[in-house]
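Modelling step: build the complete structure from the supplied sequences, incorporating the hints.
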Amino acid sequence: MLRYLTGRILGLLPTLLVIVTLSFLILRLAPGGPFDQEQGLSPQVRANLDRAYGLDQSLPVQYAHYLRGLLHGDFGPSLRQRDFTVRELIAQGLPVSLTLGLAALLLALAVGIPAGIAAALWQGRAPDHLLSGFAACALALPSFVVGPLLALVFALHLHWLPVAGWQHGMPRYLVLPAITLGLPMAAYLARLMRASLIETLRSAYVRSARARGLGAASVLWHHALPPALLPVVSYLGPAIAFVVTGSLVVESVFGLPGTGRYLVQGAIDRDYPLVLGMVVVYGTLTLVLNCLADLLYGALDPAVHHA
Amino acid sequence: MADRVLRLSDFSVRFATAAGSVPAATEVSLSVAAGECLGVVGESGAGKSQLFLGALGLLAANGRAAGRAQLQGRDLLGLPARELDAVRGRRVGMVFQDPMTSLTPHLRIGTQIAQVRMRHLGEPAAEARRRALELLRRVHVNDPEQRLLQYPHELSGGMRQRAMIAIALAGNPQLLIADEPTTALDVTVQAQILALLQELKRETGLALILISHDLGAVAGLADTVAVMRQGRLIECAPATELFASPRQAYTRALLEEARALAAPVPAQASGEAPVALEARALSVSYPVPAGGWGRRAALAALSEASLTLHAGESLGVVGESGSGKSTLARALLKLVPHTAGRVVWMGRDLDALSRARLRAQRRDLQIIFQDPLGSLDPRMRVAELVGEGLRVHEPSLSAAARRAAAQAMLARVGLEAGLMERYPHELSGGQGQRVGIARAMVLAPKLLVCDEPVSSLDVHSQAQVVELIAALKRETGLALLFVSHNLGIVQRLCERVLVLYLGRMMELAPAGALFAAPRHPYTRELLAAIPLPDPRLQPGRLSAVRAGEAPSPRDPPSGCVYRTRCPFAQAACAAARPAWEAASGQGAVACRRWREI
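Chains A and B are the protein sequences, given in the same order. Residues 1 to 307 (our numbering) are what the first sequence spells out, left to right. Residues 308 to 904 (our numbering) are what the second sequence spells out, left to right.
Bear in mind the hints are in silico, worked out from the structure with no lab data behind them. The reader is advised that the hints may include incorrect statements.
To be verified - Some, not all, of what chain B presents toward chain A, calculated at C-beta under 7 Å:
#: 1; residue: Asp392
#: 2; residue: Gly396
#: 3; residue: Arg397
#: 4; residue: Leu410
#: 5; residue: Thr411
#: 6; residue: His413
#: 7; residue: Ser613
#: 8; residue: Thr615
#: 9; residue: His617
Claimed, not checked - Chain B is nowhere near these chain A residues, computed Cβ spacing over 12 Å in every case:
#: 10; residue: Leu98
#: 11; residue: Tyr188
#: 12; residue: Tyr235
Built from N, CA and C at the ideal position, the CB exists for glycine as well.
What follows is the structure in structure tokens.
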């Protein structure tokens with residue numbers, strides 16, 4: 001098992017290298033550069049800037065330099081936010097995004113999975129229709145609609161919660177953004193859970209567990225549920241990586257200082273080190289979480305061998 | 308009568324479908340007493356399973372049962388879920404057809420047995436585990452301590468079905484319902500499972516209901532036999548009476564079909580036709596994972612098989628699963644690469660041919676597969692499927708001519724022209740296999756390889772497809788290589804039979820000789836395992852069944868691979884691989900003791 005784990009983790013490194021390399025090249029292929037939007041920049045100043053950031057060197061040299069920095073945990077300076085290194089920016093934003101993302105995730109799990117189970121157990125009856133309809137709405141409504149709507153009702157009208165802001169992660173400030181971010185995820189989880197549980201409930205082994213008179217609760221809990229969780233687990237790996245690295249929309253709507261804007265703004269600004277830094281964080285998280293999902297898969301399905 | 312354990316009276320099962328309410332079983336009255344076995348026979352779709360699933364409240368969500376189902380005098384219909392759960396597993400144990408899909412895949416065998424005891428008998432966990440071990444011993448599972456901790460996929464088919472029976476017995480039930488318990492198993496394992504049920508019935512006084520389409524299986528166990536057709540009970544009588552003098556024409560037809568499959572057919576003496584296909588010391592091994600980091604070991608699926616097939620001859624290949632019979636069929640057509648040996652077709656070494664020449668040659672070498680629908684491209688219509696080979700091998704043919712040829716071939720295999728525009732999923736299994744045969748035969752091949760062509764069909768279509776293949780062989784004079792685990796069918800269709808075990812040839816002989824006087828101890832075991840549809844003989848045959856399963860092909864025994872199961876094995880058998888010796892009457896056998904035993 002330990003051997004398998006080391007093997008898997010070592011196997012992640014080449015994948016990560018490919019991701020970094022491709023992102024590096026694709027960013028440079030895009031036309032324009034980090035200082036194109038600066039007004040009235042004299043050619044002399046511009047050349048100096050390029051030299052200062054090493055942009056005047058050949059691409060392979062820049063690439064090698066970047067990788068060397070990465071090995072030492074140095075993501076380089078941000079080209080647009082001049083007083084900060086990329087590491088500082090990520091260190092500021094990531095805890096915010098992480099907190100919000102985990103809160104959204106817990107909410108999605110706590111709501112989505114029980115809702116999916118309930119819909120499967122009452123398949124074709126009123127609770128199922130109600131939950132399925134609700135899930136369809138939650139998936140269809142974009143978060144820039146849901147967010148402001150929630151703020152309008154719960155903050156402006158009822159004055160239960162603050163409209164926006166972060167305040168060092170005070171729970172009151174976390175509720176509305178977490179609901180906005182978690183809602184579509186909960187809906188998707190509920191649909192996944194419903195479909196896969198319906199399938200296992202129809203299986204021959206569940207029928208034979210019922211034939212043993214084990215009782216509805218035991219049949220559901222011991223026999224039907226674990227295999228039904230498999231699709232949920234494989235969805236969760238990439239989904240977690242997505243929510244914890246920050247959502248541009250939700251963070252903008254609620255004015256949260258997370259990392260969501262870095263990827264988008266960084267790409268628009270051609271802030272190469274910032275975008276690459278985010279790619280590394282996002283890529284690593286995705287790979288590690290997928291790896292964990294595979295391990296969990298093995299625990300749920302003994303036919304998957306980790307040998 | 309008070310001693311009736313289960314009594315169904317005017318019992319009906321219906322399913323609500325989009326097309327309205329469909330009856331699965333109609334007004335059936337049946338009963339079974341303690342210590343008695345009731346056999347319920349009929350084709351698939353006759354409603355025999357739904358009857359008992361309905362009695363125990365296990366129907367699919369759209370099913371409804373009506374009538375009375377009394378278990379020890381108490382009506383089960385309308386019992387609240389909680390009380391029904393106290394009956395299932397406790398008073399009635401059930402064993403289902405496919406032990407792979409009917410055991411919960413992520414729970415250890417021991418856990419699944421212990422759950423029943425903890426639930427119904429209130430035993431503490433430790434005690435339940437101890438009892439689980441006893442139960443595994445009771446059903447003759449080998450290495451029971453180890454099995455307790457294993458998952459279903461780690462067990463062989465036979466061990467899985469034994470584990471299923473152990474679970475069914477865990478609550479000390481008064482009634483055991485076995486629903487096609489041996490259909491998915493090899494013939495030797497089937498005989499062992501039936502023998503176990505026979506032993507349980509004899510020693511425990513359990514009431515037993517055996518649901519099966521196989522009259523041979525029922526003949527060995529049942530005291531009373533009920534025949535169902537289209538949801539109705541058409542005949543019910545003591546077994547000896549029913550088998551000796553069936554009253555219904557349908558029962559007579561079923562019996563005739565079963566006896567035809569089991570009765571020897573005199574082999575047609577094949578004239579000295581030229582050799583069409585020859586395999587010389589053909590071996591196939593597959594890489595399998597061994598240890599971590601992608602290390603591989605070779606699994607010998609087929610080891611040094613040599614055979615000749617004459618033009619117009621039919622050769623049957625039999626053996627249990629894992630014997631290498633499908634591998635042999637595919638290797639002969641170069642559909643899997645062989646690791647050693649030669650395949651020679653009409654004097655030409657197939658290995659020496661270029662890819663283009665080999666493809667041209669394939670026109671003569673056709674195959675039909677086990678899964679009729681899975682082996683047809685789901686996005687092609689029947690007309691295209693049948694015509695595809697012509698498009699490749701006769702590109703000059705016009706589309707209209709191709710279509711006409713396909714239509715003529717479909718008519719020959721007994722399919723209406725109306726099916727031409729259907730997709731595979733719109734066909735029944737029997738129709739799909741006919742399309743598979745038409746697809747192969749439209750090229751007028753000289754060799755047809757049939758890889759378990761009927762084992763996924765129900766009995767009725769089985770007989771028809773076998774009849775069709777036999778007729779095509781007579782008409783066209785094509786050579787036939789027929790792979791099957793069903794010895795009855797091979798006996799009816801083939802002139803010579805090859806017996807494989809763990810990838811090695813055990814015996815090759817003319818069919819008549821092989822079935823009348825088998826030489827190899829393994830051939831004898833196979834023949835003894837065939838269930839005979841005769842209640843006077845079959846119980847005795849079952850009692851004589853020996854236990855034992857094939858070892859893993861990853862780790863075959865030294866010397867003779869059969870020695871670990873062989874009642875005649877000696878020390879010398881482990882030392883060296885037995886020679887392939889010619890025996891009288893065109894036969895050959897790989898056993899050092901065949902003359903003495």
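The hints, checked one at a time:
1. Interface restraint check for aspartate 392 of chain B: the shortest CB-CB distance to chain A comes to about 4 Å, inside 7 Å, so the restraint holds.
2. Among the interface hints, the one on glycine 396 of chain B holds; its C-beta lies about 3 Å from the nearest C-beta in chain A, closer than the 7 Å criterion.
3. Interface hint status for arginine 397 of chain B: upheld, as the beta-carbon distance to the closest one in chain A is roughly 6 Å, under 7 Å.
4. The restraint placing leucine 410 of chain B at the interface with chain A holds, with a minimum CB-CB distance near 6 Å, inside the 7 Å limit.
5. Because the closest C-beta pair between threonine 411 of chain B and chain A is about 5 Å apart, less than 7 Å, the hint holds.
6. The beta carbon of histidine 413 of chain B is positioned within 7 Å of a beta carbon in chain A (closest approach about 5 Å), and the interface hint is therefore held.
7. Against a cut-off of 7 Å between C-beta atoms, the interface hint on serine 613 of chain B is violated, since the closest Cβ of chain A lies about 36 Å away.
8. The restraint placing threonine 615 of chain B at the interface with chain A is violated, with a minimum CB-CB distance near 42 Å, outside the 7 Å limit.
9. At a threshold of 7 Å, the smallest CB-CB gap from histidine 617 of chain B to chain A is about 45 Å, leaving the interface hint violated.
10. Under the 12 Å C-beta cut-off, the non-interface status given to leucine 98 of chain A relative to chain B holds; the minimum distance is some 32 Å.
11. No beta-carbon of chain B comes within 12 Å of the beta-carbon of tyrosine 188 of chain A; the shortest separation is about 24 Å.
12. At roughly 19 Å from the closest C-beta of chain B, the C-beta of tyrosine 235 of chain A stays outside 12 Å, upholding its exclusion from the interface.
Of the hints listed earlier, those the structure fails to meet are numbers 7, 8, 9, in rising order.
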